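*Asks:* What follows is each chain in one-letter form.
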Amino acid sequence: MDFLSHIFAFDADSPLLFTQFYFWGFFALVFALFALILSGQQSAISNQRMHLRNVYLMFVSWFFYYKTSGLFLLILLFVTLSDWLIARGIKNSELRIKKFWLCLSIIIDLGLLAYFKYAYFFTNMINDLFGTGFRVFDVFAYVGNGFAETGRFSVDTIVLPVGISFYIFQVISYTADVYRGRIQPVRNILDFGFYVSFFPQLVAGPIVRAEEFIPQLYKPYHLSRRAFGIAVFWILNGLAKKIIMSDYLAVNLIDRVFDNPLLFSGFENLFALFAYSLQVYADFSGYTDIAIGIAMLMGFYLPMNFNSPYKSQNPQEFWRRWHMSLGRWLKTYLYIPLGGNRKIGFGTYFWLSVIALVSAALTGWWIWILVPFAVFMVGVFVWDKIISHRSSVISNQQKLLYSNLNSFITQVMGGLWHGASWNFIIWGGINGIGMIINKIWRETGWHLRFGAMTLLTAGLCVLDYTTNLPAWRLFAVWAAIVWIGTAIRYIYFLCEGADNKFTKAIGTAWAILQTFTFITFTRLFFRSSSNLDPASANEVAWSTAKNMVNQIGGAWNSAIIPDFLWEYRWVVAMFVAGMIIHWLPTNWKRRYRLWFAKMPLWLMVIAVCIAIVVIYQFVTADMQPFIYFQF
Amino acid sequence: MRPYKVLLFFACVLACLAALCLVLPGRVAFAGTEVRWPTLAEVMGSTEHGTEGIELLDTLDTLERLDTLETLETADTVVPEKPKPVVPPKVVVDSTMDSRIFLQSFYASLSQTGERRVRVLHYGDSQIEEDRMTMQIRETLQKRYGGQGVGLMPLAQTIPTRTTRQELQMNGKIITPQNGPKRYLVYGPKRDQRKDGLYGVMGQVAIMADSLVSGSEDIIAVCKPQMESAHYERWKIFADSTIYYETNGDTVHLSGKGAVYGLSQESDTGVIVDNIPMRGCLGLVFTKMDSTQLATFYAEENVKLIIMQFGGNAIPFNEQPSTIKSIVKGLRDQVRYVQRCAPEASILFIGPSDMIRKKDGEWQTYPMVPYMDKLLRKMALEENIAYFSLYNWMGGSGSMLRWQEAGLAGSDGVHFYRNGAKKAGNAVVEWILGEIKN
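Sequence order for the protein chains is S and F. Each residue of the first sequence is one higher than the one before, counting from 3 in my numbering. Each residue of the second sequence is one higher than the one before, counting from 16 in my numbering.
Hints are computed from structural coordinates only; laboratory data are not their basis. Treat the hints with care, as some may be off.
[Said to hold, decoys possible] Here are the computed lysine-lysine pairs in the DSSO-like style, where the Cα-Cα straight-line distance is at most 30 Å:
(1) K303(F) / K210(F)
(2) K333(S) / K101(S)
(3) K393(F) / K344(F)
(4) K591(S) / K20(F)
(5) K239(F) / K548(S)
(6) K210(F) / K20(F)
(7) K197(F) / K548(S)
(8) K600(S) / K506(S)
(9) K239(F) / K188(F)
(10) K197(F) / K221(S)
(11) K600(S) / K20(F)
(12) K548(S) / K188(F)
(13) K272(F) / K251(F)
These numbers were taken from a predicted model, which means no experiment stands behind them.
For reference, chain S alone in the conformation it holds in the complex (with noise of 0.2 Å):
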């Protein structure tokens, strides 16, 4: 009995994560029946059968999200039920109607998101602004303990459901595209039920758009031999990228140097940054590799998450490399509602305001932000209208505006539901920015960027030199590495020097590992400390960047870096393995990838294992001691 209910009942402290053995004895029954169903002669399976394998994945991922979530399941199931009868609303009425249902679904599902994720946000910030002392109350712990507020659950916590971000934005994608007419509605709510809870993609994306996936469910199963392949591929390789790249990083030096960056000399707090930077994509892109491997298996096609994204050469590239379903999520119901770089309109005015109120908010100062910021928006109104008035064609100067201010709410936006804390929208509005600073770069002449590098450099040299406060020597250092690499290119350019391969490569790997050091240092903004409560953590994430800045720009301490690289030499070796794959050309990944696929099946049964024995080896690696440096 304890082992059924053991198997069967929801358990807070062992979810179903793809990392562990639990996960894939559940996942071998669950496909030994899906074969079960799909057996026979393939010309010979019916509509039926295949209606049969959709219901059965929609239970089976159910249980999968109850066993990580609990009664969780209950939103799950609301929200698949309101936007399946409200996009089916949609498709039979008039335009006004039409838009009342969308209206409806997005005030149903944002509300859900924002009560569950941002409740504890908005109570501290309104008790900051106004000196209240509003707590949260959950509303479903209320209702499911029978409107009493003790019982079985707790008013006073509201807790965030597993993968809400994303199901929530699978279901807006949904009805978006219903409205707009590029879908039908799904008629039938279990293959609709299917879409939105399909258990690979359910906790952790990738963030399915309906017109890709729900074509999906009328077609036969069809997996090549190929495909096969290349599904065990991404899977291993997700184990891979997870627990070795991931978690021994994390273990071994990253956790504890962002843990208490004082205790770490300057040399150590910056290689833990870049280390984390490529911790972060090797966890969440290992994730969802195994989550587009398995749903590969079962003969459906999720698209492509993370391109090599720290292959990047600008900003702007990084995020369509990087979280693609999100980014193109984003785009598609946001940046071009917007108005893209087409216009800007209620909207875009409307946004800035609110990060603007919210940043003075935040800073408390009022009047330095407010002010500038009310005359930019009317210079940017008068002088749109002014160009706009003279000629009906857009100019590339007005598209570069548009697209930056439309681009930097999109990046604030998409701070904000990373993390229901400051520090993300500080990291979203960091990396807005810098996209910013980078498309305008790309539009000047390479004597205006010099110049401009120059100066900038030296103002900050200066600054340096008379407040020697960290954070300038930081940036002052920063600057003048992008100085030197600005003066080479613009002798080169009064040279007269063509361009032939060799200085394109450099001017390639000098693009790359500026745009790496930049997300990087965006970086020191994306951890949370999820394991408190949102005011602390806040305090935390801010005075954890501030100290690590701190010992970066102030107790650097090069004495120490050979003792450092020695004792940490596996961490040094699997940092620098990491990125050397991260780095090789795709075609190499591509062939890599297809000798894998193609080789024969027995011996792929050993390549697995070998491959599952290695990686099994970092999950039981004894943990690298304690070592101080610097005293």
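Add chain F to chain S, keeping to what the hints say.
*Replies:* Frame of chain S; chain F shown alone:
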């Protein structure tokens, strides 16, 4: 490929892995390294959670204890009016005895706090860096027995504390502590040590006019309080007589040549508690410090309690009981040395916290922690000093993991987070004041 073929593939992989479980005995030496693979029993065991209930009970128990402490902290406890009678000098040691009887000299001094300053020095390793734990001891003692100020801090503070963040200016320019006057640390690497042992009471000294920046030196240390309770503007400077200083608010202006042993914000009466962290230190450094200098400070400053919190740094690198034994023997020598330098003061030794590491994929307590804790307690009692077992108080073996899960300790399995340090610091001071047992 048909689904049943995929299933077959899976079955083959599982069968091969299971076969490995049967064939391999857990660990095999392969090409110079050890290859690990679980046995079948371990795999099956990993899906069962039979022990979880018990662990949960333990956690609840610990948390409940922690909650009790929280209540104690806020409750108005009665201040012991009369210090307990002083015990006869030699005590028959019993392993279960309450070692607080060795704190009599400190208890007795608490009755004088109205007239003069009573000093408590808290030496320790990185567990007390940033004023962790010390802060709570100070808060409680000062609340009950008076006294203000955070006590000693070095001239060049390399690690800002929870209570004070320092800014250093040299010749009118802000500098990092590393670019300030040359520091000598008794617990640092060889290149930072000095032969004459004149490190002062903090085990670190800054020598002015010997800095990396040439020219005459004129140093300003601005100590910014990080919390309202740490705001106090009365200074006492411990330095050579060749150093001249002026203080103004939270700023100290120093000039001249010579050694600066510490800057202190402190009142003339009440209790002053100094936080003296020594990163990476085993605690075997006191004998390297000049005994006359220490003895003079301890006597003049009316030091009545010396807390020594060491031992943790021995744990990760030593698996042999014999090594631990010899380290504890070394610590015994340190205790005796400190006793000789401060015959009037009580000494309290705080052992290492529970410390965990990941071994064979599982977090577990370092095998030497309980052993060291036991030896330290024995040593303390034999030397007639008090002993607080942080390890036992936390809940013994594996408690660090529960602390981590409760968000009280860091991912390195060694250091407390601020809230964890707060609980531990409170526990120590409550124990000293006789309100909890350990």
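*Asks:* Now look at each hint and say whether the structure bears it out.
*Replies:* Evaluated hints:
The straight-line distance between the Cα atoms of K303(F) and K210(F) is roughly 9 Å, inside the 30 Å bound, and the hint therefore holds. Our distance criterion of 30 Å between C-alpha atoms is met by K333(S) and K101(S), whose separation comes to about 21 Å. For the hint linking K393(F) to K344(F), the alpha-carbon distance of about 11 Å falls within 30 Å, and the restraint holds. A distance of roughly 27 Å separates the Cα atoms of K591(S) and K20(F); the hinted pair therefore holds under the 30 Å criterion.
For the proposed pair K239(F) and K548(S), the alpha carbon gap of about 16 Å is at most 30 Å, so the pair holds. Distance restraint check for K210(F) and K20(F): the Cα-Cα separation of roughly 76 Å exceeds the 30 Å cut-off, and the hinted pair is therefore not satisfied. A threshold of 30 Å between alpha carbons decides the hint, and for K197(F) with K548(S) the separation of about 26 Å falls inside it, so the pair holds. Between K600(S) and K506(S) the alpha-carbon distance is near 35 Å, which puts this suggested pair outside the 30 Å criterion.
Taken as a hint, the K239(F) and K188(F) pair is honoured in the structure, with Cα atoms around 17 Å apart against an allowance of 30 Å. For the suggested pair K197(F) and K221(S), the alpha carbons sit about 75 Å apart, so the restraint of at most 30 Å is broken. Restraint check for K600(S) and K20(F): the C-alpha separation of about 16 Å stays at or below 30 Å, so the hint holds. Taking the CA atoms of K548(S) and K188(F), the gap is near 21 Å; set against the 30 Å cutoff, the hint holds.
With a C-alpha separation of about 18 Å, the suggested pairing of K272(F) with K251(F) holds against the 30 Å cut-off.
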